[in-house]
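So the protein sequences, as listed, match chains C and U.
Numbering follows my numbering, with no gaps: position 164 of the first sequence is 164.
Numbering follows my numbering, with no gaps: position 478 of the second sequence is 478.
These aren't lab readings, by the way, just hints derived from the structure by calculation.
Each residue gets a CB set at the ideal place from its N, CA and C atoms; glycine is no exception.
Do not take every clue at face value.
[Claimed, not checked] Between beta-carbon pairs, the in silico distance windows are: (1) U:D319 to C:D166: 35 to 41 Å; (2) U:S424 to C:R198: 52 to 58 Å; (3) C:R125 to U:H183: 52 to 58 Å; (4) C:N199 to U:E553: 53 to 59 Å; (5) C:I116 to U:H156: 14 to 20 Å; (6) U:H432 to C:I116: 40 to 46 Å; (7) C:N164 to U:G226: 55 to 61 Å.
[To be verified] With a Cα cut of at most 30 Å, we get these calculated BS3-like pairs of lysine-lysine: (8) U:K244 to U:K333; (9) C:K130 to U:K97; (10) C:K219 to U:K315; (11) U:K333 to C:K219; (12) U:K98 to C:K118; (13) C:K130 to U:K316; (14) U:K488 to C:K19; (15) U:K333 to U:K206.
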Amino acid sequence: MAKQDISARILRFNPDHDKKPRWQTFQLSVEDDLTILDVLNEIHWHYDGSLSYRRSCRSAICGSCAMKVNGFNVLACETPIHRFKSSTLRIEPLPGFPIIKDLVVDMEGFFDKMRIIKPFLVVSRATPEKEFLQSPEEFEQIREASDCILCGACTSSCPSLWSNEDYLGPAALLKAYRFIFDSRDDASRERIEQINDRNGIWRCHTIFNCIEACPKHIKITEYLSRLKVKATENSF
Amino acid sequence: MTVTESQNFHRLDAVIVGAGLAGLRAALELAKEGLSVAVLSKVYPTRSHSGAAQGGIAAALANVADDSEEMHMFDTIKGSDYLGDQDVIELFVSEAKKTVYELEHFGVPFSRTENGRINQRPFGGHSSPRACFSADITGHVLLHTLYEQCVHHQVHFYNEFQVFSIIMNNNSCAGVVAWDIRHGGLHVFHSRATLLATGGYGRAFKISSNAHANTGDSLALILELGLPLEDMEFVQFHPTGLYKHGILLSEAARGEGAHILNNEGVRFMEHYAPGKMELAPRDVVSRAEQSEINEGRGIDGKDYVYLDLRHLGRKKIMDRLPQVYELALNYLKVDGCTAPIPIQPTAHYSMGGIPANIHTEVIRDAQGTIVPGLYTAGEASCLSLHGANRLGTNSLQDAATFGRISGQRIRQFLTQAPLLTLSSDVLETAQHKVDQFTLGTGKERHAAIRSELQQQMTQSVGVFRSEPEMIKLKEKILELQQRFKDVKIDDKGAVFNLDLIEAYEVGNLLAFSQVIVECAIARKESRGAHYRTDFPKRDDENWLAHTLAWRNEAGKVSLDFSRKVNIDMNRYPPQERKY
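With the rest of the complex left out, here is chain C (with noise of 0.2 Å):
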């Protein structure tokens, strides 16, 4: 373990004085094994307090640090500054998202689009007294849908979102599928109906960067693509 000189350029911003957002670099010696939440402890903590960020977890499994460091969105806390080759660290709020103060980005919309999908196992049938059966197979299809952290990094990547904002985004289509292929649920031809317009799964275009976004490495555009080819069969 060694010390390194970095600098971290961070696009700041207070609602009480700022107009815009505008950058603020600090320069520090850290232990080159930090992470970004770490880099931005050591700020909050021994030199500037006001500077706001989430974090929560630490392990990449809350969701709360999703922001941008050079050009990529990602949790802060899994990311070791190692794995920039530049010096120097450019932390933004993830993009698209209204900026609430700092690195904080207002993430109702986010939520609100959620609901839209209906988030929840609806069954329709008796339940057994015991689990519902579900083969491994059938687990299978929904297991990797069902880590998604909701930390809004793919959403945030998604180009087809920064030019439609009424369009529900990965992370609810990816939620839509995860009960659309759970062999429990009851509502999959209602869901898909909510999903088949523009709006929803057909405002996707495949263009993969929300895959690249995700912490989890989630396929999410697959995932998508797999809904595509369900709508198609739904409406004939």
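Fit chain U to the given chain C structure using the hints.
Same frame as chain C, but now just chain U:
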């Protein structure tokens, strides 16, 4: 305008503080009945730390091997080192299967057996494979599923609200006052019932698996009201924390067959728990690790040992332990398929907490006098289900089961509970705290105080404890509490003031950490996770009792050991605990 006319005033049937498994499960129980319930969370609900639980949720479904409620009960009692209340444990195991089936019906995607049942794996201290799992993200899928059900049943969430005070009317609870983190400003939540489900307090330690949010805020608020905390000396150290980071590597790794090795490549658990090896309970394995390290058999003589997955093979690692693999790779650049992973004990779980009876009603004394209108569930609570040491996968079960029980109990209470009146100075306590930081002109940085506290806590009330070290720690905490009075924050703004929240949290850490240390000094025996090098034996004659601790306004702690453990002497009398 009075406070009750302001838009920052909310009148509800129930307010729930904390949106982890316990809080959400209780909220669901109330919302399904059409009661008005608000859930306050300092983070978005799906960010709660229940989501970080990995390995599974315990229930004797017997899907892959013989199992029974009686076995689950005995394992839990033995795991608790006989400090767990056996009436609570009995209720817990009798509800556990129902809880898992219900969660599955809500939509939890569980890993499956070949015949389509919920899959189960072995876990430390459990005598049968009892951990129902979803790969190694069980807590994550449980949390998200319960959140989905709450959305379905239109639970009202107040996200990013930090509770600053609990409202009392004489001896009963009438709600809470909370700070709106996003916009700034205090809100009054006036309610007939209040549930504290704020989770654990592992951030008092330097090496910790806990989230930044786990600062035990509601425990400090309980102390402030002159109410006691219970069994605070019992803090679980998890044996497989990622070296230096403290981040949890799931016990599922050992459940799937991982080994733990010292610098000689020896599976040293054969010297400490030959019957269970790596699958001994966490307190036992953590002590073994720390002993190896202290005796110079850490890797390169340093303060870590190895978790070895290599013999499991890449396929099993990727299918069953993808998160463990990913964490080691990202944080330490170690590929778990080809190299052993550096680990060390990490502060993980708080067996102690807010004392409550079997119905989750908060109690104020050793006689069990309840505080009307106030409830607690999950890790924040001490029922006491886990006694001196919790078994892995019993915590998700605890949160889900007692979250439901709490919701049911509150529902009953609400059929006759009055809405208590508020005094005109309802905001005063909370406003004073906000002002202390935003108007303060001190010199001390709260982060520096926290850092010193965490460092000392890990060193002096960690896996091994002794009186001289703990006395020094107690004095240190008193010094830090003095310095904290002179704390300053840089951010004086209203909107998303993280500086304010962290300063407030440090004050909370300092209050209950003092209680942890004083309880640990007082308990002159070793039991479960509390190990005294100067009193290395369990002493049932003198110490088979719960600890209640109060902290008065002057910061003086008083203790009471008259609350007896509920033990069925015919069925489960205390025995020596060997694995």
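Structure-based check of all given hints:
Between D319 of chain U and D166 of chain C the beta carbons are some 39 Å apart, a value that agrees with the proposed interval 35 to 41 Å. Range check, S424 of chain U to R198 of chain C: Cβ separation about 56 Å, and the 52 to 58 Å hint holds. For the hinted restraint 52 to 58 Å between R125 of chain C and H183 of chain U, the CB-CB distance of approximately 44 Å leaves it violated. Roughly 58 Å separates the CB atoms of N199 of chain C and E553 of chain U, a value that falls within the hinted 53 to 59 Å.
A C-beta distance of roughly 18 Å is found between I116 of chain C and H156 of chain U, which places it inside the suggested range of 14 to 20 Å. At about 43 Å, the CB distance of H432 of chain U to I116 of chain C agrees with the hint of 40 to 46 Å. As the Cβ distance of N164 of chain C to G226 of chain U is approximately 57 Å, the hint placing it in 55 to 61 Å holds. Taking the CA atoms of K244 of chain U and K333 of chain U, the gap is about 13 Å. The hint holds against a cut of 30 Å.
Between K130 of chain C and K97 of chain U the alpha-carbon distance is near 9 Å, which keeps this suggested pair within the 30 Å criterion. Proximity of K219 of chain C to K315 of chain U is assessed by CA-CA distance (about 19 Å); at most 30 Å being required, the pair is judged to hold. Between K333 of chain U and K219 of chain C the CA atoms are separated by roughly 23 Å; this keeps the pair inside 30 Å, and the hint holds. In summary, the hint linking K98 of chain U to K118 of chain C is supported, as the alpha carbons are separated by about 25 Å, within the 30 Å threshold.
A threshold of 30 Å between alpha carbons decides the hint, and for K130 of chain C with K316 of chain U the separation of about 28 Å falls inside it, so the pair holds. Between K488 of chain U and K19 of chain C the CA atoms are separated by roughly 27 Å; this keeps the pair inside 30 Å, and the hint holds. Between the alpha carbons of K333 of chain U and K206 of chain U the distance comes to roughly 22 Å, so the proposed pair stays at or under 30 Å and holds.
In this structure, only the earlier hint numbered 3 is contradicted, and the remaining ones agree with it.
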